[in-house]
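A.B. asks: Following the working numbering, the numbering of the sequence shown begins with 1 at its first residue and continues without gaps.
Incorrect hints may have been included.
Lysine-lysine pairs mimicking BS3-like chemistry, simulated, CA-CA at most 30 Å apart [to be verified]:
| # | residue 1 | residue 2 |
| --- | --- | --- |
| 1 | K241 | K128 |
| 2 | K47 | K75 |
| 3 | K128 | K91 |
| 4 | K269 | K241 |
| 5 | K47 | K91 |
| 6 | K241 | K216 |
| 7 | K258 | K269 |
| 8 | K118 | K91 |
| 9 | K118 | K128 |
| 10 | K268 | K258 |
| 11 | K216 | K266 |
| 12 | K91 | K216 |
| 13 | K241 | K266 |
| 14 | K216 | K269 |
| 15 | K268 | K241 |
| 16 | K258 | K241 |
| 17 | K128 | K75 |
| 18 | K268 | K216 |
| 19 | K118 | K75 |
Distance ranges between label pairs, derived from CB positions [what the hints assert, rightly or not]:
| # | residue 1 | residue 2 | range |
| --- | --- | --- | --- |
| 20 | G154 | E212 | 28 to 36 Å |
| 21 | V211 | S87 | 35 to 43 Å |
| 22 | G51 | Y260 | 45 to 53 Å |
| 23 | G51 | A262 | 49 to 57 Å |
| 24 | G214 | G154 | 17 to 25 Å |
| 25 | G179 | N265 | 35 to 43 Å |
| 26 | D178 | A71 | 24 to 32 Å |
| 27 | V211 | D53 | 52 to 60 Å |
| 28 | D79 | N265 | 42 to 50 Å |
| 29 | S87 | V195 | 25 to 33 Å |
| 30 | T177 | D79 | 30 to 38 Å |
| 31 | T122 | V211 | 45 to 53 Å |
| 32 | R217 | T281 | 20 to 28 Å |
Think of the hints as simulated: they come from the structure by calculation, not from any bench.
The structure presented is a predicted model; accordingly, all values stated were derived computationally and were not measured.
No residue lacks a Cβ here, since even glycine has one placed at the ideal position from N, Cα and C.
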Amino acid sequence: MSKAMKLLLGLGALAIVAMVVVACGSSDDSSDGSNTMAGVSTDTCGKMNYGGDGSPDALIVSDLPLQGDSADRSKQMNDAVTQVLESAGWKSGDTTIGFQACDDSLADTGLWDEQTCKDNATAYAEDKSVIGVVGTYNSGCAQAMIPILNEADGGAVPMVSPGNTAICLTESADTCTDGTPDSLYPSGDRNYARVVPNDAAQGAGLVTYAVENGVKRVAVLYAADDDTSYGQAQTFINASKPGGVTVTEQLEWDPEAKNYTALMNKVKKSNPDAILLAGLTEQNGG
1 MSKAMKLLLG LGALAIVAMV VVACGSSDDS SDGSNTMAGV STDTCGKMNY GGDGSPDALI
61 VSDLPLQGDS ADRSKQMNDA VTQVLESAGW KSGDTTIGFQ ACDDSLADTG LWDEQTCKDN
121 ATAYAEDKSV IGVVGTYNSG CAQAMIPILN EADGGAVPMV SPGNTAICLT ESADTCTDGT
181 PDSLYPSGDR NYARVVPNDA AQGAGLVTYA VENGVKRVAV LYAADDDTSY GQAQTFINAS
241 KPGGVTVTEQ LEWDPEAKNY TALMNKVKKS NPDAILLAGL TEQNGG
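With these hints in hand, go ahead and build the complete structure from the sequences.
C.D. replies: The following block contains the structure:
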């Protein structure tokens, strides 16, 4: 594990309730303050935030959905990063650090966008001042970004996520495709970590919760055309039988549907005690 990655994880523990902060203990490219850092130059990133003297030596960025139903949550995460940097005097060791919040969502849907995630990752990888990324929130976005950051010219850029749960970002499983997780790290170095349990743990935990609350029959619904939602549903289904829960239905919903009367009538006929929804609020999942 690189020095930057260790410090990335270490500083993150200070703000574990909301976010992980990336930091670097030292840098051969650190400036003496005579050069002004402008931050990552892309329309998806806001103004750089820095409360120290002069210009920062290095930069961390966050990559989160800043529009739609996720906007408030992402703002809280960005505020947490700022708070931790402020408490550390905007530095780690002798390296001063600025922070820039970037958006990976689309205005018309509020959902993360694969091409935006790739473009953002390319911008971070090409900016030698970026020493780490806080993000992403959505697993699909992380899958798009990790390989690009992994092969940055200056070395793999560390990335820590506060919300990714897809198993195959870090571990092999029967549901993994396209050679993941190894294919996400073409350089051979692991530059990604997360601070939340993966979907396997979540599925088993939900089964335990159901049993503890007397729920024996569950209808499982997941957002259509979304691998993450499908994977989350499958982890619950896989854990249900050994856990003593019967899955009465496995159905997908159309995130763009105007109503779900027909779907709910089908669910009703299966007579579940509860319904599991695997999907985002932006997909009509909440």
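A.B. asks: Hint by hint, say whether it matches the structure.
C.D. replies: Hint-by-hint comparison with the structure:
no.: 1; hint: K241 / K128; in the structure: violated (50 Å)
no.: 2; hint: K47 / K75; in the structure: holds (14 Å)
no.: 3; hint: K128 / K91; in the structure: holds (17 Å)
no.: 4; hint: K269 / K241; in the structure: holds (21 Å)
no.: 5; hint: K47 / K91; in the structure: holds (19 Å)
no.: 6; hint: K241 / K216; in the structure: holds (10 Å)
no.: 7; hint: K258 / K269; in the structure: holds (21 Å)
no.: 8; hint: K118 / K91; in the structure: holds (28 Å)
no.: 9; hint: K118 / K128; in the structure: holds (17 Å)
no.: 10; hint: K268 / K258; in the structure: holds (19 Å)
no.: 11; hint: K216 / K266; in the structure: holds (18 Å)
no.: 12; hint: K91 / K216; in the structure: violated (52 Å)
no.: 13; hint: K241 / K266; in the structure: holds (22 Å)
no.: 14; hint: K216 / K269; in the structure: holds (16 Å)
no.: 15; hint: K268 / K241; in the structure: holds (21 Å)
no.: 16; hint: K258 / K241; in the structure: violated (33 Å)
no.: 17; hint: K128 / K75; in the structure: holds (26 Å)
no.: 18; hint: K268 / K216; in the structure: holds (15 Å)
no.: 19; hint: K118 / K75; in the structure: holds (22 Å)
no.: 20; hint: G154 / E212: 28 to 36 Å; in the structure: violated (49 Å)
no.: 21; hint: V211 / S87: 35 to 43 Å; in the structure: holds (42 Å)
no.: 22; hint: G51 / Y260: 45 to 53 Å; in the structure: holds (48 Å)
no.: 23; hint: G51 / A262: 49 to 57 Å; in the structure: holds (55 Å)
no.: 24; hint: G214 / G154: 17 to 25 Å; in the structure: violated (55 Å)
no.: 25; hint: G179 / N265: 35 to 43 Å; in the structure: holds (41 Å)
no.: 26; hint: D178 / A71: 24 to 32 Å; in the structure: holds (31 Å)
no.: 27; hint: V211 / D53: 52 to 60 Å; in the structure: holds (57 Å)
no.: 28; hint: D79 / N265: 42 to 50 Å; in the structure: holds (43 Å)
no.: 29; hint: S87 / V195: 25 to 33 Å; in the structure: violated (18 Å)
no.: 30; hint: T177 / D79: 30 to 38 Å; in the structure: holds (36 Å)
no.: 31; hint: T122 / V211: 45 to 53 Å; in the structure: holds (46 Å)
no.: 32; hint: R217 / T281: 20 to 28 Å; in the structure: holds (25 Å)
Comparing the model with each earlier hint shows violations of hints 1, 12, 16, 20, 24, 29; every other hint is respected.
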